[in-house]
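Turn these sequences into a full structure, and let the hints steer you where they fit.
Top line first, the protein sequences correspond to chains A and B.
In this text, residue positions in the first sequence follow our numbering: the first is 1, and each later residue adds one.
In this text, residue positions in the second sequence follow our numbering: the first is 1, and each later residue adds one.
Some hints could be false.
Unchecked claim - From chain B, some residues computed to sit far from chain A (all C-beta separations above 10 Å): (1) F67; (2) L79; (3) Q83; (4) L99.
As the list claims (entries may be wrong) - These stretches of chain B come out as covered by chain A in the derived footprint (C-beta under 8 Å, 3 or more residues): (5) 69-76; (6) 156-164.
These aren't lab readings, by the way, just hints derived from the structure by calculation.
All of these numbers come straight from a predicted model, not from anything done at the bench.
The beta-carbon is built from N, C-alpha and C at its ideal position, and this holds for glycine as well.
Number of protein chains: 2
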Amino acid sequence: MQLTILGCGGALPAYGRYPSAQILNTNECSILIDCGEGAQMKMQQYKVKQNRIHHVCISHMHGDHYFGLVGFINSQGLLGRTQTLNIYAPAKLKEIIALQTEWKLPFEIIYHDLLENKYAVLFENEKLKIEAFPVEHSVPTHGFKFTKKVKLRSLLPNKLREYEIPKYFYSKLADGEDYERQDGTIIKNELVTIEGKGNKSYAYCSDTRYTESIIPYIKNVNLLYHEATYLHELAERAHERHHSTTTEAASIAKLAQVDQLIIGHYSSKYKTLEGFKEEATIVFNNVLLAEEDLVVNI
Amino acid sequence: MQLTILGCGGALPAYGRYPSAQILNTNECSILIDCGEGAQMKMQQYKVKQNRIHHVCISHMHGDHYFGLVGFINSQGLLGRTQTLNIYAPAKLKEIIALQTEWKLPFEIIYHDLLENKYAVLFENEKLKIEAFPVEHSVPTHGFKFTKKVKLRSLLPNKLREYEIPKYFYSKLADGEDYERQDGTIIKNELVTIEGKGNKSYAYCSDTRYTESIIPYIKNVNLLYHEATYLHELAERAHERHHSTTTEAASIAKLAQVDQLIIGHYSSKYKTLEGFKEEATIVFNNVLLAEEDLVVNI
Chain A
1 MQLTILGCGG ALPAYGRYPS AQILNTNECS ILIDCGEGAQ MKMQQYKVKQ
51 NRIHHVCISH MHGDHYFGLV GFINSQGLLG RTQTLNIYAP AKLKEIIALQ
101 TEWKLPFEII YHDLLENKYA VLFENEKLKI EAFPVEHSVP THGFKFTKKV
151 KLRSLLPNKL REYEIPKYFY SKLADGEDYE RQDGTIIKNE LVTIEGKGNK
201 SYAYCSDTRY TESIIPYIKN VNLLYHEATY LHELAERAHE RHHSTTTEAA
251 SIAKLAQVDQ LIIGHYSSKY KTLEGFKEEA TIVFNNVLLA EEDLVVNI
Chain B
1 MQLTILGCGG ALPAYGRYPS AQILNTNECS ILIDCGEGAQ MKMQQYKVKQ
51 NRIHHVCISH MHGDHYFGLV GFINSQGLLG RTQTLNIYAP AKLKEIIALQ
101 TEWKLPFEII YHDLLENKYA VLFENEKLKI EAFPVEHSVP THGFKFTKKV
151 KLRSLLPNKL REYEIPKYFY SKLADGEDYE RQDGTIIKNE LVTIEGKGNK
201 SYAYCSDTRY TESIIPYIKN VNLLYHEATY LHELAERAHE RHHSTTTEAA
251 SIAKLAQVDQ LIIGHYSSKY KTLEGFKEEA TIVFNNVLLA EEDLVVNI
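What follows is the structure, encoded as structure tokens:
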């Protein structure tokens with residue numbers, strides 16, 4: 001999977017930082033995670049293939065997380081998109097989009113309502129799973145977990161031919177099974193496969209106050225995005241405003257034993273991000289700073 | 001007056017061109033003319049003083065002309081704006097903004113509905129006049145004319161003192177009157193004033209098909225913005241889609257005998273603007289191309 005940051009700013013755009021929006025690219029499709037104002041322009045700038053976006057996850061109904069969606073949808077319509085778009089969001093978003101797209105779009109939108117305080121599997125097929133879980137903010141807000149499912153074993157094409165394994169059995173080999181020929185000979189799985197790469201997972205938590213209630217949902221993910229609106233000297237303000245600090249984001253990463261942490265959603269009070277990485281790194285040793293056009297391979 | 005282009009693109013953002021938005025700065029206040037997505041970021045980038053914006057004119061309800069307004073309004077609220085904001089727009093905009101600003105804004109918004117196919121004086125005081133007039137597009141659309149009123153005569157402070165003119169008479173001097181002393185002596189206006197600079201006017205026509213019906217409203221303005229979505233080889237497409245070409249915009253400028261023409265709202269099909277200025281200049285000899293961050297003194 002590959003994550004592209006389209007916007008890393010907080011509620012107010014500032015110092016060139018656009019509001020929250022990200023693209024998660026899996027082999028199969030792309031997922032748009034939050035869609036602040038200007039996201040479609042950033043997608044153009046960063047050459048994101050917009051018709052590959054099949055899923056849109058909107059964390060909550062603060063404008064800096066969704067004001068760009070109506071523009072994206074209308075532009076997709078003007079461009080003649082035909083692929084269905086799945087939108088996972090609080091129920092109210094439907095009404096807002098409908099009011100501003102009264103012409104007949106050439107593609108279908110399927111809305112999936114996020115229910116307050118509820119965990120849900122939003123989508124699952126054999127390659128991808130999307131889950132939503134509650135975080136703690138001033139309005140109902142969800143975090144998301146994206147899992148790219150990778151088979152247990154990777155097939156070795158040369159060996160498959162050498163041992164004359166029939167194609168119908170390939171997926172069972174990928175699941176770790178041995179193959180038994182009609183004459184009873186067993187072809188051990190290790191002869192024709194190697195160890196697979198395992199699942200890859202990404203979790204997105206923004207906006208949220210520090211809360212350990214999210215740990216079970218994000219445990220052991222490869223990459224965690226956790227908002228860090230403030231440096232830790234403003235921990236009290238962060239708590240009051242239902243946001244987090246650098247140190248708090250890093251503490252969550254540590255407790256959840258994730259591989260890597262990426263922080264963002266910086267307050268407009270900060271002209272530069274001096275101190276953000278340093279503070280987080282004291283608590284957790286693998287920290288990235290979100291910034292526009294950053295691409296992270298997961 | 002000073003015009004700043006925030007966005008000069010057409011329906012689809014393309015090649016770095018943002019959707020329609022402009023700032024007209026008068027001495028007294030600023031006016032936001034259309035507000036496509038991303039306008040608030042461009043205002044930051046170009047250091048526009050957002051709390052000086054007292055009037056917002058929205059030409060019509062196509063997203064590329066208003067999707068940025070809800071973001072601007074919410075940000076102004078977060079920044080603690082207290083000044084009233086006047087919005088002149090089709091009635092539906094009220095509902096769209098209300099649905100997305102459910103928190104209590106710290107400033108008042110006064111909506112003034114634009115009525116389909118009607119001319120109206122939207123605002124007038126002794127320094128500024130704003131008028132709306134119908135143009136010809138696929139949905140009800142208005143053009144706008146902005147007049148900065150300048151007095152007929154400019155006062156000469158030294159001469160006013162020399163001839164001991166009382167202050168209460170200054171505005172009459174500016175209107176060209178002579179002053180009569182109590183003893184009957186006449187102080188001729190020319191002794192204490194020089195010729196004033198005259199009114200300055202700007203007209204905005206976007207989006208519109210070529211229509212000479214707008215000429216009476218924009219006659220003799222100092223600067224005319226007229227959309228030119230296409231080069232003239234696509235005149236047929238322009239007509240079908242209720243847009244104009246370079247040549248058509250220039251023909252309107254010529255018929256209206258304006259001082260200067262500025263064209264914009266370029267289709268996303270054009271990677272560069274090669275040919276736009278050349279084509280328009282064949283018909284009308286004082287043409288500017290709108291581009292982001294262009295500032296025009298009127």
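Hints, one by one, checked against the model:
1. F67: violated, 5 Å
2. L79: Contrary to the label, L79 of chain B does not stay out of reach of chain A, its closest Cβ about 7 Å off (not over 10 Å).
3. Q83: holds, 18 Å
4. L99: violated, 6 Å
5. 69-76: holds (count 4)
6. 156-164: violated (count 0)
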